[in-house]
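Construct the entire structure; sequences and hints are all you get.
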Amino acid sequence: MSKYQEYKNLEQKLAAALKELDTLKEDEDVKATQAFIVKLKEMAGDISCADFMAATIEVFGPSPVKSACNSLFSKVEDSKRATGTRQPREEKRYVNPYTKEEVVCKKAKGLVLEWIKEYGKDVVEGWVQK
Numbered sequence: 571m572s573k574y575q576e577y578k579n580l581e582q583k584l585a586a587a588l589k590e591l592d593t594l595k596e597d598e599d600v601k602a603t604q605a606f607i608v609k610l611k612e613m614a615g616d617i618s619c620a621d622f623m624a625a626t627i628e629v630f631g632p633s634p635v636k637s638a639c640n641s642l643f644s645k646v647e648d649s650k651r652a653t654g655t656r657q658p659r660e661e662k663r664y665v666n667p668y669t670k671e672e673v674v675c676k677k678a679k680g681l682v683l684e685w686i687k688e689y690g691k692d693v694v695e696g697w698v699q700k
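FYI, in our numbering the residues of the sequence shown are 571 to 700.
Think of the hints as simulated: they come from the structure by calculation, not from any bench.
A portion of the hints provided could be inaccurate.
Derived DSSO-like pairs (lysine-lysine); straight-line CA-CA distance at most 27 Å [claimed, not checked]: (1) Lys595 to Lys578; (2) Lys676 to Lys687; (3) Lys691 to Lys670; (4) Lys601 to Lys578; (5) Lys691 to Lys679; (6) Lys677 to Lys691.
Just so you know, these numbers come straight off a predicted model, no measurement behind them.
Listed below in structure tokens is the structure:
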């Protein structure tokens, strides 16, 4: 093959590649990903870790990074909505087998702490009645 034929073949391949590039530039997914990367780089620039973010995007690609960020932000929003939903502690009823004293409390305090100092935590936890 002559050099001129190689030149023409490469020129045709380049024209096809440029046409494909123009098609991809108009794709909505590509536009959304580019917008996401621009916003991410802006945020990363604010905290001076643009190189780290660029490397992360380069390694993982924009889709996994975008989905990871979306899931992280949704978890944060879910946790904000879920405040105050923690279940209260269960009440425990301790019965000292030596003195027959009974104490009902949600966490160890007062007399229960004295028993723990005197008898040990494992022993006192064994006194819990259901």
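Evaluation of the provided hints:
{"no.": "1", "hint": "Lys595 to Lys578", "verdict": "holds (26 Å)"}
{"no.": "2", "hint": "Lys676 to Lys687", "verdict": "holds (18 Å)"}
{"no.": "3", "hint": "Lys691 to Lys670", "verdict": "holds (18 Å)"}
{"no.": "4", "hint": "Lys601 to Lys578", "verdict": "violated (32 Å)"}
{"no.": "5", "hint": "Lys691 to Lys679", "verdict": "holds (12 Å)"}
{"no.": "6", "hint": "Lys677 to Lys691", "verdict": "holds (13 Å)"}
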